[in-house]
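A.B. asks: Hey, can you work out the whole structure from these sequences and the hints?
Just so you know, the sequences run in chain order F and R. Heads up: the first sequence is residues 1 to 121, going by the numbering used here. Heads up: the second sequence is residues 122 to 242, going by the numbering used here.
In case anyone wonders, no lab produced these hints; they're calculated from the structure. The beta-carbon is built from N, C-alpha and C at its ideal position, and this holds for glycine as well. Among the hints, erroneous ones may be present.
Stretch by stretch, here's where chain F covers chain R in the computed footprint (C-beta under 8 Å, at least three residues) [stated by the list, open to error]:
id	region
1	125–139
2	152–158
3	194–201
4	217–229
Protein chains: 2
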Amino acid sequence: MQATAEIAAEFVKLCQQGEFDAAGERFWSDDIVSVEPMEGEMAVLHGRAAVKAKGEWWYANHTIHATEAHGPYVNGDQFAVRFLMDLTAKASGQRMQVEEIGLYTVRDGKIVEERFLFHMG
Amino acid sequence: MQATAEIAAEFVKLCQQGEFDAAGERFWSDDIVSVEPMEGEMAVLHGRAAVKAKGEWWYANHTIHATEAHGPYVNGDQFAVRFLMDLTAKASGQRMQVEEIGLYTVRDGKIVEERFLFHMG
Chain F
1 MQATAEIAAE FVKLCQQGEF DAAGERFWSD DIVSVEPMEG EMAVLHGRAA VKAKGEWWYA
61 NHTIHATEAH GPYVNGDQFA VRFLMDLTAK ASGQRMQVEE IGLYTVRDGK IVEERFLFHM
121 G
Chain R
122 MQATAEIAAE FVKLCQQGEF DAAGERFWSD DIVSVEPMEG EMAVLHGRAA VKAKGEWWYA
182 NHTIHATEAH GPYVNGDQFA VRFLMDLTAK ASGQRMQVEE IGLYTVRDGK IVEERFLFHM
242 G
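C.D. replies: As structure tokens, then:
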């Protein structure tokens, strides 16, 4: 079983290569809980299938021009990654630069929770 | 009672002005828990007095050349701040640039937990 710092380093490396799906496939627990900073039915998702479906919806509805992943930042069984995304929402055509922090909790070598904090500064 | 996003914005503003003590005085709960990413007796501290004493120890043992605070990043009752610090440890004379994320949990308008994640990237 890998230590949190090792998992964090591998996870960030995959994200830096744009391999977000591979990062999830490799490290999500079957029971992963995903918490987004919004109200509504997508705010909390339970399980790999639901989280994967969210990702597919997201990619289908946005054009990604560029991404950056910085980190990891580590404390105990948690690590954080800072994401910068340059994207266009297909529905509105609006291009935006988004910054967020992904906060990940690890148990038994897998990510059991991901939580996204959106930049408001 | 202030919403998390408002507290987060005020907290970051004070930190950007270098007013870290004032930020703590204003927003720490009496029961605050502080979690640092290290082993040892300072790793988890309970209560305002203990957290304040840690801060005093820290300032007494480091010379701060510059600090930056970026954010906040917000999700529900939690917010994060990214800190950059240029400092010299007085004991060793070693100057270093440190990056960390402070993750704060708010309850009843006060910060009940602070947790620091150190940059390892």
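A.B. asks: Please go over all the hints and tell whether each is borne out by the structure.
C.D. replies: The hints, checked one at a time:
Closer than 8 Å: that is the beta-carbon criterion, and the region 125–139 of chain R has 4 residues meeting it against chain F, so the requirement of 3 holds. Coverage of the region 152–158 of chain R by chain F holds in this model, with 3 residues showing a Cβ closer than 8 Å to a Cβ of that chain against a need of three. Counting residues of the region 194–201 of chain R whose beta-carbon sits less than 8 Å from any beta-carbon of chain F gives 7, enough to reach three: the coverage restraint holds. Coverage of the region 217–229 of chain R by chain F holds. Counting CB-CB distances below 8 Å, 4 residues qualify, and the rule asks for three or more.
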